[in-house]
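Chemist: Chains A and B are the protein sequences, given in the same order.
Okay, so the first sequence: first residue is 1 according to our numbering, each after it adds one.
Okay, so the second sequence: first residue is 1 according to our numbering, each after it adds one.
Don't read these hints as lab results, they were simulated from the structure.
Please note that a few of the clues may not be correct.
As the list claims (entries may be wrong) - The calculated SDA-like cross-link candidates involving lysine to any residue, where the alpha carbons are at most 20 angstroms apart (straight line), are: (1) Lys64/A to Thr338/B; (2) Lys249/B to Val544/B; (3) Lys414/A to Gly340/B; (4) Lys564/A to Pro178/B; (5) Lys406/A to Ser117/B; (6) Lys64/A to Leu110/B; (7) Lys112/B to Lys564/A; (8) Lys414/A to Asp357/A.
As the list claims (entries may be wrong) - Among the chain A residues that face chain B by a calculated CB cut under 10 angstroms, a handful are: (9) Val67; (10) Ala82; (11) Ile314; (12) Gly316; (13) Leu358; (14) Gln489.
Think of the CB as a built atom: it goes at the ideal place given N, C-alpha and C, for glycine as much as any other residue.
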Amino acid sequence: MTNDRTPYSPEEQIKVDEFLAGATLFLGPDPEIMRDHKSAARTPLEEELLSRPIDSDALDKVRKRIVAGLDEAYEMMEQTGAAPGAKWGDLTSAVYSAGGDLVHISSGGVLAFASVLHYPVRFINKYWAQEPSVGIHDGDAFIHNDARYGNIHCTDQSIIIPVFHEGELIAWVATVVHEGENGAKEPGGMPSSSESAFDDGLRMPPFKIFERGVLRRDLLTFLQNSVREPKLQYQDLKVKYYAALRIKERVLAVIDEVGRDAFIVSMRKSLEDVEAEARRRVSLIPDGTYRVNLWSDSTLRENVLLKYPCAITIRGDQMIIDWRGAAPQFLNRAFNSTLGTSKCGMNQGILAFLWPDLPRGISVMNSIEVLTDTGSCLDPTDDAPLGQSLQGAFKAFATTQALWSKLTFSCQEKFGAIIAPWFNQINTFLFGGITQHQEFVGNVCADLNGMGGGARAYRDGEHSMAPFFAAMADIGEQEIIEEDVPFMQLISKKIKRDNQGFGKFRGGMGYEMALAAKDTPFWGFAAVSSGSKFPATPGLFGGYGCPTLPLAKIKGVNVFEQMKNSPENWQFDFERLLNEQPLPGAKYSTHHMGMALELANEGDIFMMCQGSGGGYGDVLERDPAEVMADVEAGYISSTTAREIYFCVFDADTLAVDSRATEAARNAERRARLERGRPYAEFVEDWVTEAPPQTVPYYGSWGDDNSTIHATAWAATGPIKLALPMSQMPPIMLPDPKDLAIAGLQAENEALRAAASRGDA
Amino acid sequence: MRRISVDIGGTFTDCFVAWGQEFFHSKALTTHHNLSMGFNHALDQACQSIGKDRREVLGEVDSVRYATTLGTNALIERSGPTVGVLVTAGFESAIPLSRGRGYGEGLDALAKNDLSSGTRPDPLVPPRLIRSLRERVSYSGEILMALSADDVRRQLTGLIDAGAQALVVSLTNATENPAHERLVQEIFLSEYPAHQLGAIPMLLSHQLSGRKGEYVRTTTTIIDAYLHSTMYHALSDLEQNLRANGYEKPMLVNHNTGGMAQLNSTDALQTIHSGPVAGIAASEHLAGEAKIDKIIATDMGGTSFDIGLVTVGGGKHYDFMPVIDRWLVSIPMIRMVTLGAGGGSIASYNSLHDSVQVGPRSAGSDPGPACYDRGGLRPTVTDADLLLGYLDPAHYAGGKIPLNPGRARFAIEEAFGDYLDLDPVEIALLIKSEVDDQMANGMGMELRIRGYLPEEFTMLAYGGNGPLHCCGIADRLGITRVLAPPYSSVFSALGAGNTNQMHIHERTIAINLFSSATRQLFENFDLFNSIVEELEAKGTADIVRQGMDPLKVEHRLELDMRYGNQLVTLAVVLDRSRLYTVSDTLAIADLFSREYARRYGEGSQSPEAGIRISTVRVASFIQGRSIEFGALAPTGELSRAIPDATRMCRFPGFADPLETPIFTQSTLGPDQRIDGPAIVTAESTTYLVEPSWRMETADRGAVWFIKNKNSGVETDD
């Protein structure tokens with residue numbers, strides 16, 4: 001369709017623009033802001049200041065002093081924050097230019113904030129600066145959490161403060177904490193059962209919570225009424241606010257010392273220096289296109305296959321990250337991730353693994369273009385639920401991290417290690433209910449921070465070391481956690497046997513956990529992970545991906561009574577509990593790892609395992625002594641040692657028979673050659689035109705990313721689609737409970753019909 | 001008073017002898033194979049100055065006290081025994097997993113942030129030596145699953161068969177209910193009696209730390225077990241040596257809590273870092289003598305820069321979870337922050353920002369700075385100081401280390417020549433400026449995070465490079481007074497001589513001073529007072545056991561407090577030792593509120609979230625006699641010192657070299673004034689008086705650096 005309207009005259013255009021501005025219904029997320037991840041060009045003032053002679057050393061000192069102020073604020077928040085996220089390192093502090101470019105972040109904390117924090121600042125600048133009912137004044141502070149306006153997910157809350165120097169807006173500072181509870185459909189702020197944006201809980205676009213230094217108690221009261229933990233909402237608001245004030249104080253002190261011009265030049269130079277270095281580093285990577293395809297096996301409500309393809313193209317100092325072909329958004333499932341959030345994943349991969357030494361700021365992304373299909377789960381529309389957007393964002397991270405080692409393997413200058421993919425899922429429990437102190441809480445266990453590290457090209461990965469998104473984050477101390485919440489981890493920190501990404505160097509392993517509520521009138525657990533059927537993490541260069549493990553429940557008995565009265569029945573072991581089923585009268589079940597909040601009776605057991613990092617290289621090259629060390633530590637079984645690593649050893653002494661092992665490995669090498677087939681022949685047999693009809697598959701198929709395959713639900717039931725993303729109808733799946741009820745009803749009707757027919 | 005105090009460091013054994021009103025000090029190389037030799041050597045030097053022999057001196061002194069860093073070396077060298085550990089079933093991997101973050105403890109920010117290369121240190125206890133017991137105690141101390149004696153015997157046998165030479169028992173929530181840990185010990189002693197040869201020591205976690213946290217408490221106990229025999233043998237040998245030389249009284253060992261005790265009342269872990277902590281103790285003593293409210297003590301040596309705080313009336317500054325080597329532990333230790341810069345810190349070009357970078361790598365003492373001419377090729381802070389004219393190539397370290405300026409120049413040219421179009425001396429200026437700035441940033445952050453303003457502090461500068469860089473660092477923080485203390489070359493030994501007998505006992509307990517759920521204020525005063533009484537009784541018993549008068553024992557009551565569910569608590573020193581009415585409860589709430597506001601800002605307090613006490617702590621001590629120095633400030637009319645020579649030196653902010661007078665410390669008396677720029681050379685350090693600063697000398701070698709009120713203009717402030 002073409003627009004045949006006669007263009008307006010300049011005068012008319014001004015009037016039309018004025019009219020439209022006055023008739024704005026809703027200041028929703030602004031695509032102009034939200035789709036642009038790069039730092040802005042120099043302002044005329046910056047241009048002028050940078051045309052003068054520059055003392056690089058003096059500017060560097062300004063930079064370090066600002067970062068010292070950010071670290072000070074970070075430590076303040078970590079010490080005083082009440083949210084579990086604050087206690088275990090899920091927070092950050094930052095400084096932006098007056099225009100909203102993120103320039104510096106604290107040395108510790110979640111560095112993915114580097115790719116997301118500038119959006120709300122730009123929104124404030126664009127919409128609230130000139131708005132008479134809002135404005136920006138010295139002493140103001142804005143609060144924000146809505147991922148649609150720029151955030152990793154709505155459970156993180158930030159305080160954003162303008163910094164004025166002699167009446168001029170010269171910078172912004174911000175503090176962010178993963179708060180947890182936000183009034184969402186389920187306690188804890190990350191609802192896996194979110195079916196619409198309105199189930200995601202509080203959705204705060206940036207608005208003013210402190211007006212010229214005074215807290216707006218009316219708004220605070222509204223916020224407290226909107227969440228399950230009003231105490232947390234208030235306490236951590238103060239924590240973030242006073243930490244941000246501390247940064248503001250430090251920034252103003254630096255400006256007083258070095259002058260306004262030097263401060264502005266330092267900020268701008270920081271952005272440009274980082275961009276220049278990032279471009280230099282991209283140009284070191286051999287030109288070409290590098291590809292990987294990952295899949296997720298869950299919407300968190302049901303098992304499906306969601307494709308996350310990634311192609312990274314290097315051309316000179318430019319990097320293009322292409323996520324086209326990813327699964328479509330689901331309008332009643334929670335795993336969609338906004339484009340800004342997805343880019344967080346990418347940024348995380350860059351700053352933690354590719355260039356871990358590079359200062360963290362937005363301009364590191366200036367040399368990167370990102371291609372997506374609008375309407376995909378990595379670039380959804382504003383009405384998509386985002387309750388568990390980490391699913392999409394973590395896969396975005398995983399696709400890029402899986403490629404960094406391939407991109408840089410042959411580079412002479414490397415900045416991070418060659419490493420297999422890190423574990424990338426939140427394998428832990430969320431919780432909500434009334435504590436032993438009669439308080440309502442809703443949050444997530446710190447175990448999410450115990451992700452297994454990938455194997456390196458030179459050594460094994462580290463077991464449950466840190467989440468890929470936050471260095472030095474903490475899995476906590478169970479004794480301390482139990483003081484505040486009414487559940488116990490009966491299995492708390494025990495590396496799960498055989499939960500290993502096998503390889504020449506094995507991935508870091510994850511641990512098992514078994515939880516049971518105690519001394520509470522009302523309690524529930526939830527889970528928000530995928531990977532119980534399809535490995536969440538691949539290996540590298542022949543290494544295995546992480547194993548798949550289910551969420552498991554043991555119900556129908558009170559484990560605390562069992563431990564007291566029949567202690568011999570209880571096993572502190574995930575594997576034995578499920579295989580031996582030692583508790584009489586209990587019901588044992590396994591599930592995928594998306595579980596909406598489920599009420600827990602006292603003594604019900606909920607179990608899960610933290611995941612493992614990918615392995616590196618061929619298992620047949622692993623040092624048998626290392627294999628035996630893992631057997632001795634209980635990390636792998638003898639079966640795994642024999643059947644995966646082809647080690648021959650004495651089961652009692654664990655002494656390796658070197659010759660027999662070498663012979664077994666050589667035999668396996670020969671067997672592999674015998675199983676091998678020419679590639680073309682393999683493709684001929686293996687590749688099909690479309691995904692199997694029996695699999696609920698979403699995303700592109702093969703190399704053609706222009707056609708998206710999906711199963712939509714029509715009135716008559718599921719229908720298979722293969723369309724360009726732009727033509728994809730809204731994907732909404734039925735509630736699994738409805739399907740279960742429908743199945744039971746059909747069964748019931750069939751039985752009734754059979755009965756009426758007099759069938760036996 | 002006649003007293004000997006010793007600091008046994010990795011390189012030197014420092015000795016300080018108070019002999020009546022006279023003080024003597026000496027240094028000798030530490031003899032790691034037999035510490036007594038180094039000690040005797042150092043003591044003999046001091047005795048020579050006194051004019052008596054070793055036996056005479058040891059026979060007449062009232063005490064001998066030791067501070068030492070030996071434990072740290074034992075950890076680094078992994079020279080401890082094979083330790084086996086028993087934990088609660090389901091927690092077998094808590095130690096190997098080290099809270100996830102164990103890969104980065106003790107490392108710099110860059111290493112912490114590089115996940116791709118992050119690697120945990122080799123474990124002190126490998127997984128095969130960690131066994132579990134089938135038992136469980138709840139957070140409140142309720143036994144949920146009883147311990148089985150058969151299980152205990154089975155696991156003990158397994159560990160001993162696996163080669164364990166020391167055993168640690170750390171069961172979940174043992175601080176709330178230690179019955180199971182005690183039962184394990186009982187069974188162990190019945191199976192493996194202590195009187196038998198080859199008896200294995202067993203340490204129970206609740207006895208080492210009263211705090212919750214299964215990982216940190218277990219690590220604390222493991223390290224203690226690991227160091228126990230090394231420290232026991234080393235310190236016992238020292239005690240035997242004292243006996244053999246005529247000293248009959250108990251030997252006293254300095255603790256990292258800032259106190260001290262006899263060897264029989266000392267855990268191995270309490271000796272870790274006790275040397276540097278004794279330096280803080282010395283600073284505290286000086287603060288009292290010089291009537292200074294707030295001191296930031298700085299020790300800048302060859303490889304690191306340690307800082308600690310002393311605030312009179314503000315309580316001690318503790319770390320309750322310090323990092324020892326690469327491990328997080330749970331003991332109260334005087335807080336010290338180590339910043340990674342010293343004279344040996346390597347300077348390099350930062351291509352990202354086209355600037356000069358210093359550290360984190362260090363040339364250490366081997367090969368050391370390039371100018372040492374011992375094979376070091378990279379430029380260091382000391383090389384820069386040499387090129388700027390601050391160091392005398394012929395008389396550095398008392399002439400023991402000749403410096404080669406050509407090597408320093410060459411190293412700077414090599415490192416920076418391709419990038420910076422500057423003369424090596426100009427680059428040296430940037431290096432000095434950068435290192436001063438880094439140290440100032442670290443100090444500023446440490447002070448501000450605790451709610452203090454740096455400009456309110458007096459800086460204490462000791463260590464080989466402290467007096468050389470103190471003016472530059474102080475300038476950046478707005479600090480106007482710096483004291484280079486007397487006996488700065490043996491400052492920790494001096495501190496060891498001034499600590500008091502002290503024992504700390506604490507108990508983790510959940511007290512709601514104000515419950516936000518019920519809106520009730522705490523009124524169970526009997527409970528609170530009984531806990532305090534119990535802790536005071538323990539502290540008194542510790543001190544009385546060492547032959548002290550129970551009537552002289554004093555106690556300091558501290559509470560760790562938090563608002564709501566905050567993780568980190570703030571230590572509040574109480575102004576009362578018992579609670580009787582709700583007014584006492586409110587007074588504690590107010591004390592906490594004021595301390596919190598001072599630290600985090602007025603208005604940041606959150607009483608509405610509830611006020612909780614998590615730990616009650618009692619420090620029991622005896623005020624001993626301390627070594628008194630008298631006036632540390634000039635007391636008479638100041639006279640201008642006469643320089644020995646002049647040298648051309650470069651200073652930041654001055655385009656051209658300045659003719660700088662050179663003085664020798666040994667020729668200076670008290671009450672002399674030297675205006676900057678000036679350099680004073682001493683055997684173990686160099687005092688650099690920067691332009692706009694002046695130096696004033698006092699008794700016993702104490703030196704003040706004072707910032708002139710107006711830059712470059714002399715004032716009498």
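Chemist: All hints are to be evaluated individually against the structure, with a verdict given for each.
Modeler: Verification of the hints:
1. Lys64/A to Thr338/B: Given that 20 angstroms is the threshold and the Cα spacing comes to 18 angstroms, the pair holds.
2. Lys249/B to Val544/B: holds (15 angstroms)
3. Lys414/A to Gly340/B: violated (25 angstroms)
4. Lys564/A to Pro178/B: holds (18 angstroms)
5. Lys406/A to Ser117/B: holds (17 angstroms)
6. Lys64/A to Leu110/B: The hint holds at about 14 angstroms.
7. Lys112/B to Lys564/A: This hinted pair is violated, its Cα atoms lying about 43 angstroms apart.
8. Lys414/A to Asp357/A: Answer holds: Lys414/A to Asp357/A is near 11 angstroms, not above 20 angstroms.
9. Val67: It holds, given that the least Cβ distance between Val67/A and chain B is near 9 angstroms, below 10 angstroms.
10. Ala82: With a minimum Cβ separation of about 5 angstroms from chain B (threshold 10 angstroms), the hint on Ala82/A holds.
11. Ile314: Ile314/A check fails; min Cβ-Cβ to chain B is 19 angstroms, beyond 10 angstroms.
12. Gly316: For Gly316/A, the interface hint is violated, since the closest Cβ of chain B sits about 20 angstroms away, which is over 10 angstroms.
13. Leu358: holds (8 angstroms)
14. Gln489: holds (7 angstroms)
Hint violations for this structure: numbers 3, 7, 11 and 12, all remaining hints satisfied.
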